[in-house]
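In the order they appear, the protein sequences are chains A and B.
Numbering-wise, this note's numbering puts 24 at position 23 of the first sequence, and it's gapless, one number per residue.
Numbering-wise, this note's numbering puts 49 at position 38 of the second sequence, and it's gapless, one number per residue.
Among the hints, a few may not be true.
What the hints assert, rightly or not - In silico SDA-like pairs for lysine to any residue, Cα to Cα no more than 25 Å straight-line:
#: 1; chain 1: B; residue 1: Lys77; chain 2: B; residue 2: Gln153
#: 2; chain 1: B; residue 1: Lys149; chain 2: A; residue 2: Arg114
#: 3; chain 1: A; residue 1: Lys41; chain 2: B; residue 2: Thr112
#: 4; chain 1: A; residue 1: Lys90; chain 2: B; residue 2: Ser116
#: 5; chain 1: B; residue 1: Lys149; chain 2: B; residue 2: Glu87
#: 6; chain 1: A; residue 1: Lys41; chain 2: B; residue 2: Asn108
#: 7; chain 1: A; residue 1: Lys41; chain 2: B; residue 2: Lys149
#: 8; chain 1: B; residue 1: Lys70; chain 2: B; residue 2: Lys91
#: 9; chain 1: A; residue 1: Lys43; chain 2: B; residue 2: Thr112
#: 10; chain 1: B; residue 1: Lys149; chain 2: A; residue 2: Asp150
#: 11; chain 1: A; residue 1: Lys42; chain 2: B; residue 2: Lys78
#: 12; chain 1: A; residue 1: Lys126; chain 2: B; residue 2: Thr112
#: 13; chain 1: A; residue 1: Lys43; chain 2: A; residue 2: Asn93
#: 14; chain 1: B; residue 1: Lys91; chain 2: B; residue 2: Lys78
#: 15; chain 1: A; residue 1: Lys126; chain 2: B; residue 2: Ser116
#: 16; chain 1: A; residue 1: Lys100; chain 2: B; residue 2: Val48
#: 17; chain 1: B; residue 1: Lys86; chain 2: A; residue 2: Leu40
#: 18; chain 1: A; residue 1: Lys126; chain 2: B; residue 2: Thr80
#: 19; chain 1: B; residue 1: Lys78; chain 2: A; residue 2: Lys100
Claimed, not checked - Using C-beta positions, here's what the derived DEER-type ranges look like:
#: 20; chain 1: A; residue 1: Lys90; chain 2: B; residue 2: Val126; range: 37 to 47 Å
#: 21; chain 1: A; residue 1: Asn93; chain 2: B; residue 2: Gln129; range: 20 to 30 Å
#: 22; chain 1: A; residue 1: Ser145; chain 2: B; residue 2: Pro59; range: 45 to 55 Å
No wet-lab data here; the hints were simulated from the structure.
Idealized CB from N, CA, C, for every residue including glycine.
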Amino acid sequence: MSRKKKYRAEPDPEPGLDISSLIDVSFLLLIYFLVTTTLKKKEVDVGMRLPSSIQQQGPPPELPPLVLSLEEDGSVIASPNQSPADLGKPVNNRLPLLKERLQEYKAAADRARQVARITLRASNKVEHQKLVTVFNEIADVGISDVTLDGFMGDDK
Amino acid sequence: MASKKLNSANTAQIEDMGIDMSPMIDMVFLLLIFFMVASTMIVDRKDPFVEIPVTPDGKDPQLGVKKVTINVYSKEALDKVPELAGRTSQFADVNGNEITTADISRIMREAKEQVAGQNRTVVLYVRGDKDALVLQMKQVLQAAGAGGVQDVIFSGYSR
Chain A
2 MSRKKKYRAE PDPEPGLDIS SLIDVSFLLL IYFLVTTTLK KKEVDVGMRL
52 PSSIQQQGPP PELPPLVLSL EEDGSVIASP NQSPADLGKP VNNRLPLLKE
102 RLQEYKAAAD RARQVARITL RASNKVEHQK LVTVFNEIAD VGISDVTLDG
152 FMGDDK
Chain B
12 MASKKLNSAN TAQIEDMGID MSPMIDMVFL LLIFFMVAST MIVDRKDPFV
62 EIPVTPDGKD PQLGVKKVTI NVYSKEALDK VPELAGRTSQ FADVNGNEIT
112 TADISRIMRE AKEQVAGQNR TVVLYVRGDK DALVLQMKQV LQAAGAGGVQ
162 DVIFSGYSR
């Protein structure tokens, strides 16, 4: 009897999918998006209407507009011609005293079923940030009819 | 002393150990798909030389209106930014081109003609630098009013 060794083929290795290139591409894309994505600051709107667009309907309003004066140093004065009330300067882009005053005025206008109107006299030398801070408080209270007083020829 | 059999069994176990990559691949794909979906290809036409003011209570941008953007630079920006050197006007259109108040009125009139009959209103969108003066804002508002546009939106950062 021959002692011939029987040939046995080596078992096939387990079939598998090489996913390393897939991971490479995935990481490449991920890093691309991570690098190119920029977190932008969100811009928001503060809307108002100029006086010429505010149409008078019905009888003239009984409630006079609230007159505000924005001074050169940024302080806001309410009713500067009658009984001036200093509402302070902006702190962290907010004017809490002005907001209180506006809320009172808006409530009065709502009770009288009239449109709340603001007349704002802003000094020409004030920075835009301070003007927008006032508009921000006005818009937040829900008043959109604003008359910006003192246009051309006023170098105050 | 461990037997040979035990030793060989332990060695085989160690050789079989490996890190399971599948959760990592899952996460990578998840992030990849998130960025692919969340990314929007927009043409950013916000003038980088205008540092707009902060408006903590500003509302989300209004849709459905035709916004006409006017950029207002500060005097400091005109002096310091090389790209703005030589400009005499502090106003620019949406593409950053120098314009005058007469141009603003013309742009407004053209925008109104474009939306005529479309039930859309034209809104002046002022991107004013926080250090620009109220005088310039008044000039823009007056020019827009002369062009027939009374609705105004001031742009600001929410924080």
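A quick look at each hint next to the structure:
{"no.": "1", "hint": "B:Lys77 - B:Gln153", "verdict": "holds (19 Å)"}
{"no.": "2", "hint": "B:Lys149 - A:Arg114", "verdict": "violated (31 Å)"}
{"no.": "3", "hint": "A:Lys41 - B:Thr112", "verdict": "violated (30 Å)"}
{"no.": "4", "hint": "A:Lys90 - B:Ser116", "verdict": "violated (34 Å)"}
{"no.": "5", "hint": "B:Lys149 - B:Glu87", "verdict": "holds (19 Å)"}
{"no.": "6", "hint": "A:Lys41 - B:Asn108", "verdict": "holds (23 Å)"}
{"no.": "7", "hint": "A:Lys41 - B:Lys149", "verdict": "violated (29 Å)"}
{"no.": "8", "hint": "B:Lys70 - B:Lys91", "verdict": "violated (32 Å)"}
{"no.": "9", "hint": "A:Lys43 - B:Thr112", "verdict": "violated (28 Å)"}
{"no.": "10", "hint": "B:Lys149 - A:Asp150", "verdict": "holds (9 Å)"}
{"no.": "11", "hint": "A:Lys42 - B:Lys78", "verdict": "holds (20 Å)"}
{"no.": "12", "hint": "A:Lys126 - B:Thr112", "verdict": "holds (19 Å)"}
{"no.": "13", "hint": "A:Lys43 - A:Asn93", "verdict": "holds (18 Å)"}
{"no.": "14", "hint": "B:Lys91 - B:Lys78", "verdict": "violated (29 Å)"}
{"no.": "15", "hint": "A:Lys126 - B:Ser116", "verdict": "holds (23 Å)"}
{"no.": "16", "hint": "A:Lys100 - B:Val48", "verdict": "violated (41 Å)"}
{"no.": "17", "hint": "B:Lys86 - A:Leu40", "verdict": "violated (28 Å)"}
{"no.": "18", "hint": "A:Lys126 - B:Thr80", "verdict": "holds (23 Å)"}
{"no.": "19", "hint": "B:Lys78 - A:Lys100", "verdict": "violated (28 Å)"}
{"no.": "20", "hint": "A:Lys90 - B:Val126: 37 to 47 Å", "verdict": "holds (40 Å)"}
{"no.": "21", "hint": "A:Asn93 - B:Gln129: 20 to 30 Å", "verdict": "violated (41 Å)"}
{"no.": "22", "hint": "A:Ser145 - B:Pro59: 45 to 55 Å", "verdict": "violated (30 Å)"}
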